[in-house]
Amino acid sequence: MSTTLTTPEPSKLRGIGGGRADRLFRGTLIFAASSVLVILAAMIIRTTIEAWPVFAKEGLFGFVFGQQWSVGTSRSEVTGTYGAFPFIYGTIKTSLIAVVVAVPLAIGIALFTNEVAPKWLRRPLAYTVDTLAMVPSIVYALVGMYFFRLYVWGPAGQVIADSPLTSVPIIGGFFSGPVLLSSYWSAANILAIMILPIITAICRDVFAQVPEDERNAAYAMGATRWEVMSKVIVPHSFSGIVGGTMLGLGRALGETLAVAVLIGSSQRWAGRLFAGGDSMTAVIANTFADAHPEAIWALLAIGVTLFFITMFVNIGARLIVARVGGRVGGGAVI
Amino acid sequence: MTIDTQPRAVLDPEPQSLRETTRNARRRERFSKGMTFLLFGTVMAAIVPLVTLLTIVVVNGWPAINGEFFTQVEPLSYRDRGGGYLHGIVGTLYMTGIATLISAPLGLGAAVYLNERPGRYANIVRFFTDVMTGVPSVFVGLAVYALIVSGSGGFGLGFGTLAGAIALSIIMLPIVVRSSEEMLRLVPADLKAASYGLGARQWQTTFRVTLPAAAPGLTTGAILAVARGAGETAPLIMTALGARQVVTQLTGAPQSDVGLLMLGGFRQPFDAGIERAWAGGFTLIAIVLILSIVARAIARRSQL
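Read top to bottom, the protein sequences are chains A and B. Okay, so the first sequence: first residue is 1 according to this note's numbering, each after it adds one. Okay, so the second sequence: first residue is 1001 according to this note's numbering, each after it adds one.
Certain hints may be false.
Said to hold, decoys possible - Examples of chain A residues toward chain B, derived with CB under 10 Å:
1) ALA33
2) TRP226
3) ILE284
Hints listed in this document are in silico derivations from the structure and should not be mistaken for laboratory results. Where is the CB? At the ideal position from N, CA and C, for every residue including glycine.
Whenever a hint applies, use it, and build me the whole structure from the sequences.
The following block contains the structure:
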């Protein structure tokens, strides 16, 4: 960390008091650094004020748990009913499934990259996975809509829905058909691909933090490669993995277009995996262009709710990742 | 140290070694190999979707690319063939360009601050910059709508190029700050100390020593941020809105964007519109991947 290094300071003999240019320079720097905080604060305050009439009418509880979303057409007051539960439910459901799919894969990829792959292959492998993060969301939406859901997720979902899994009590209903092509399942799958790079990058960083001595000590005790990975490296990196997972969850919660296209845009929420639904980002993206002023306030209210959910997840993630210390930060995929 | 601690040495079966060769040990070794193979499977689970995605975009997008695509605007109906995304490409480049002009100096300034004046305030800024990288882009769009576009309480600039550019710059800013800071941190303290030793002021040291030394890395970070900005569509729904002709005004007229045009085209059930959307997707992927390859090539040249 830079704080532990001594940063060279300008020479005292140079006479700092007279340096008008230096003071101007530092003022500019403080302005630039503060701009991040100012922008963040301005965004939160302005959207909250704008969305306030909706929260005031529905109440926070009514807004979060209300099941009915009927949009009014007023320009000056709140006349519709705004219960965002179907959207909040869809967002959390798809994001959690995405995390459940992506985290084991990410840990596996990071372990392979850091521990198994030969040295010359490590950088290309890391680049390849990072490239997944560079693909624009709209392209994921396009390919998801015209290829993956038709030829991969749809058939795969059908296999699951036809499997004996559906006759298991309690959880069986979750996997039951009919399988829709635009569903929580499709949205969760595209999210899993999209959040894979960030979780993998964090895992790579924290695995690299495991001291070489501990690794060698385990090998010296006769541990196999898998035993070293599962009993030394992963436990040592546990908090970092949790941090990376939460960071991925934050990304999944806020991902917009791919979900908007693939989730099905149905306001009737369902417990099933293969049913169509809606999410917070999807309803914002899909209905904004045609929204009346009143509906825009309601969309802003969803936006504010989404912001605070992702904010909590991100702050938690960053606190955990920061505690791991060192140079963990996700590098190219921040 | 002459002790070989490589796992390979443990694997080779050699007689008269101290290594245990019980059945249990062989079983553990087999299990380890099996799990390693499984790890290889997880790598494939990332590479296969990426390769599939790129292949499909190229297979569908490349045939739809032609001269018309870059020189004409889209016909009024999604049913009509021909035409292109000229207005979208102009809009994307225009907005991304302005967003870069806003976020690059601001982000670089913030990064220099974080690097030059470590302390509690720097830590707070760094932390919230990290948090800002995770703010949903659609929320940024809504916030810029409330702040800049909307007339009630905002600046009332209306939908257009500037609003879209501001939204993109807010998304790019934390990326520029964090990547630049990482690069500035790599500049050896000796260089700065030498500059100060010659009597240079802080701004002289920063502009003549620190920034030039870190220049390749800073460029890399900026290019990656541009790539992110160019591929972003969600916030433009609320800020640029979309247009059907080439828009050159900064404010006052809604602006178009490749992503917005794709979104309009591929959600309609008409082949011509969908084909143009594939071409648009190909264009975006090409822009983003070329930028990232350039960025990495520059990073590799860095002396730090």
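Taking the least C-beta to C-beta distance, is TRP226 (chain A) closer than 10 Å to chain B?
-> holds, 4 Å
Hold the hint about ILE284 (chain A) up to the distance rule: shortest CB distance to chain B must be less than 10 Å.
-> holds, 5 Å
Does the CB of ALA33 (chain A) sit less than 10 Å away from some CB of chain B?
-> The hint holds - ALA33 (chain A) has a Cβ within 10 Å of chain B, the shortest such distance being about 4 Å.
Hint violations for this structure: none, all hints satisfied.
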